[in-house]
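Asks: For reference, the chains in residue letters:
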Amino acid sequence: MELLKRLYKWVDVRVGAGEIVEKELTGYLLPRNINAWYSLGSVLLFIFALQVASGILLLIYYVPDADKAFKSVTYIMNDVPFGWLIRMCHAVGSNMMVAVLLLHMLSVLCMGSYKSPREFNWLTGFILFTLVQGISLTGYLLPWSQLSFWATTVATNSANAIPVIGPQLVEFLRGSKMVGPPTLGRFFALHVAVIPAGIAALIGAHLFLLKRTGVSKPPFGQSNTTNQWKGDSYRYEDHPGGIPFFPNYALEDARSVFIYLAIFMAVVFFDPYLFFPKDAFLPANALVTPAHIKPEWYFLANYQTLKIFPNELIGLSVQGAAMTFLALLPFIDRGRERHPLKRPLFLACAIGGLLLWIGLSVWGHYS
Amino acid sequence: MMMRSLLTGLAVLVAIAMGCGPVQAEDIVCITCHGALPGKYGEPVKLWQGSIHAENGIACNACHGGDPKDAPNAMKKERGFLGAPKYNDVPEFCGRCHVGVLKDYLASGHGRALTRGGPNCVICHGSHQIVKASLELINEKSCSRCHSYERAKLIRGAMQETEGIIVALDKRIAGYKAVGTDTDRLEKELFSQRNRFHSLFHNVDVKRVTAESTQIQAELKKLDTTLKGLDEQGRKRKLAGAVVVAGALLAGLLVHLLRKTFD
Chain Y
1 MELLKRLYKW VDVRVGAGEI VEKELTGYLL PRNINAWYSL GSVLLFIFAL
51 QVASGILLLI YYVPDADKAF KSVTYIMNDV PFGWLIRMCH AVGSNMMVAV
101 LLLHMLSVLC MGSYKSPREF NWLTGFILFT LVQGISLTGY LLPWSQLSFW
151 ATTVATNSAN AIPVIGPQLV EFLRGSKMVG PPTLGRFFAL HVAVIPAGIA
201 ALIGAHLFLL KRTGVSKPPF GQSNTTNQWK GDSYRYEDHP GGIPFFPNYA
251 LEDARSVFIY LAIFMAVVFF DPYLFFPKDA FLPANALVTP AHIKPEWYFL
301 ANYQTLKIFP NELIGLSVQG AAMTFLALLP FIDRGRERHP LKRPLFLACA
351 IGGLLLWIGL SVWGHYS
Chain L
1001 MMMRSLLTGL AVLVAIAMGC GPVQAEDIVC ITCHGALPGK YGEPVKLWQG
1051 SIHAENGIAC NACHGGDPKD APNAMKKERG FLGAPKYNDV PEFCGRCHVG
1101 VLKDYLASGH GRALTRGGPN CVICHGSHQI VKASLELINE KSCSRCHSYE
1151 RAKLIRGAMQ ETEGIIVALD KRIAGYKAVG TDTDRLEKEL FSQRNRFHSL
1201 FHNVDVKRVT AESTQIQAEL KKLDTTLKGL DEQGRKRKLA GAVVVAGALL
1251 AGLLVHLLRK TFD
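Order-wise, the sequence lines are chains Y and L. The opening residue of the first sequence carries number 1 in the working numbering; numbering runs sequentially from there. The opening residue of the second sequence carries number 1001 in the working numbering; numbering runs sequentially from there.
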């Protein structure tokens, strides 16, 4: 113990560690009524770290070559010690990351935390959401299975609906007329380098903005639930008399991470195939089109939207409009009220939108 | 056994040499043109799509020859196009890949009767929509088209148990394959034993069928042992999973209690 204290002092006198701990951890105060929903951000950070770690381990044996990719994944699953566990953690983790990210966004929406001055926080978060979808889509192709091949064929094909540049865009995405080895090459580069770097940068920006604006106070359990920001000058939202981040809220974060870990591991060990249709373990075969190829659950609503409109361009436009609306929500919803029950129009739209998304997803699954 | 393995290996080599290996859809002009044609010209493509050949990537040119990459010249003789064989030539046609089966067939009652109007391969196995060979092919409806079912029924009875084991093993292997297990070796061994077993299909000697079936069952038992090993591995993983999940929940509870001390 004495040795640790001496070590701490040794570091402290050189870099001022005590000052950092005081400012960023023990002296960093959060609202007293902060709830567990706020810890989803930490859970997401944990998931991202786990994805990076498992992804690096997979990279040791994965071969991004159309002739070898499927075999290398099979090798990882069957011959590499604990390879099956690493691969399952990575694959299940990607699905869980989307699920937790959706919950995180939903909580931000419900608590009105996207409102001024946090427009940038929302925007960076929204871009992160699209990047996570992008990294999931590009990762989907890498095992070079029937599911990968045909799901990517369908997904890239939808760009065909874009007027004028559609066919060129499809060829650019695929690297050839059909999904093939060049597609695998570019999706691999996007999946392991470009998008992760983008996500890391955006996470940095998201956290920087969080630090600069301060944590928003939950609109629950208080009389005044309106947004207090005046907009005249920059002002950090502090919480005098609040609870310290360390150890109080760090422990809440840790609790949420452990609960997530229990759920995640339960899926990995007991039903990892929840996210794997049977075509996921058959090698890609351009000659045999599976009867019912479906995208991942989080793209089912998009998939169904493309199907219900008379042409794909309308379907794409509707999706684009919905995404733009969501991205620009802080600029559209200028009301000061933050409590969801005091925002009936917002609540109706949120519940309606959520039900529509679930309905389209279920429809897409069974269609 | 050695002879059978050699024949199977030879069949694979011949298949590769003749271009029976997997092909890419975009390479096959036969499918592009015939798939769009009506009636008897387009029908084979539709039938083939539901066949064991299609499932294994064996396309038109593997049997009918020709150049699948050059539409204008695809069906020229100088490009190796063979067209459809005459009735009596069908066994030799199929036997270019199915070498061992051809040998069994020619030695069988069916094969010996070929020139006298006996059945060729497609009579029992179908053409284009060729299904996976199984004991189901020996049935009263099919056999009675040419002769009484009595003897065929005896043969089928002697093979029923082994067929049942093969089907069950096939299902279990497929189950493991569907969850990402490397079943390549198991599939190859089952394929080899199934071929050995199927060579009896053309045989009419009940005693030989029974003796061979016993030997095949002993080999199948080894596959069963391997699969039981995989079952056990699955159970151990679930047990480990239960410990990990319980550990995470316990850690969550401890952290929660620790958090309460700071209130």
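Keep in mind that the hints were calculated from the coordinates and are not lab data. Among the clues, some could well be false.
In silico EDC-like cross-links for lysine to aspartate or glutamate, where the CA-CA straight-line distance does not exceed 16 Å [unchecked claim]:
#1 L:LYS1069 / L:ASP1089
#2 Y:LYS71 / L:ASP1231
#3 Y:LYS9 / Y:GLU19
#4 L:LYS1177 / L:GLU1189
#5 L:LYS1132 / L:GLU1055
#6 L:LYS1177 / Y:GLU296
#7 Y:LYS278 / L:ASP1089
#8 Y:LYS71 / L:ASP1205
#9 Y:LYS211 / Y:ASP79
#10 L:LYS1171 / L:ASP1089
#11 L:LYS1236 / Y:ASP271
#12 L:LYS1221 / L:ASP1170
#13 L:LYS1040 / L:GLU1055
#14 L:LYS1238 / Y:ASP271
#15 L:LYS1171 / L:ASP1182
#16 Y:LYS68 / L:ASP1182
#17 L:LYS1171 / L:ASP1224
#18 L:LYS1177 / L:ASP1089
#19 Y:LYS278 / Y:GLU296
Asks: Holds or violated: are the alpha carbons of LYS71 of chain Y and ASP1205 of chain L at most 16 Å from each other?
Replies: violated, 43 Å
Asks: Taken at face value, is the distance from the CA of ASP1089 of chain L to the CA of LYS278 of chain Y at most 16 Å?
Replies: violated, 40 Å
Asks: Does ASP1224 of chain L lie within 16 Å of LYS1171 of chain L when you go C-alpha to C-alpha?
Replies: holds, 12 Å
Asks: Take a quick look at whether LYS1132 of chain L and GLU1055 of chain L sit within 16 Å of each other, Cα to Cα.
Replies: holds, 10 Å
Asks: Is LYS9 of chain Y close enough to GLU19 of chain Y, meaning Cα to Cα at most 16 Å?
Replies: Holds, at roughly 12 Å.
Asks: LYS1221 of chain L and ASP1170 of chain L: Cα distance at most 16 Å?
Replies: With Cα atoms ~13 Å apart, LYS1221 of chain L and ASP1170 of chain L stay inside 16 Å; holds.
Asks: For the pair we were handed, LYS1177 of chain L and GLU296 of chain Y, check the Cα-Cα distance against 16 Å.
Replies: Roughly 21 Å between the alpha carbons, so the hint for LYS1177 of chain L and GLU296 of chain Y is violated.
Asks: Between LYS68 of chain Y and ASP1182 of chain L, is the straight-line Cα distance small enough, at 16 Å or below?
Replies: The given pair, whose Cα atoms are some 14 Å apart, holds under the 16 Å limit.
Asks: Hey, LYS1171 of chain L versus ASP1182 of chain L, does the alpha-carbon distance stay inside 16 Å?
Replies: The hint holds at about 15 Å.
Asks: Measure nothing beyond the straight line between the CA atoms of LYS1171 of chain L and ASP1089 of chain L; if it is 16 Å or shorter, mark the hint as holding.
Replies: Distance of about 35 Å is beyond 16 Å: violated.
Asks: Check the hint pairing LYS1238 of chain L with ASP271 of chain Y against an upper bound of 16 Å on the C-alpha distance.
Replies: holds, 10 Å
Asks: Next pair to validate is LYS278 of chain Y with GLU296 of chain Y; report whether the Cα-Cα distance is within 16 Å.
Replies: holds, 13 Å
Consistency with the previously given hints fails for numbers 1, 2, 6, 7, 8, 9, 10, 13, 18, ordered from lowest to highest.
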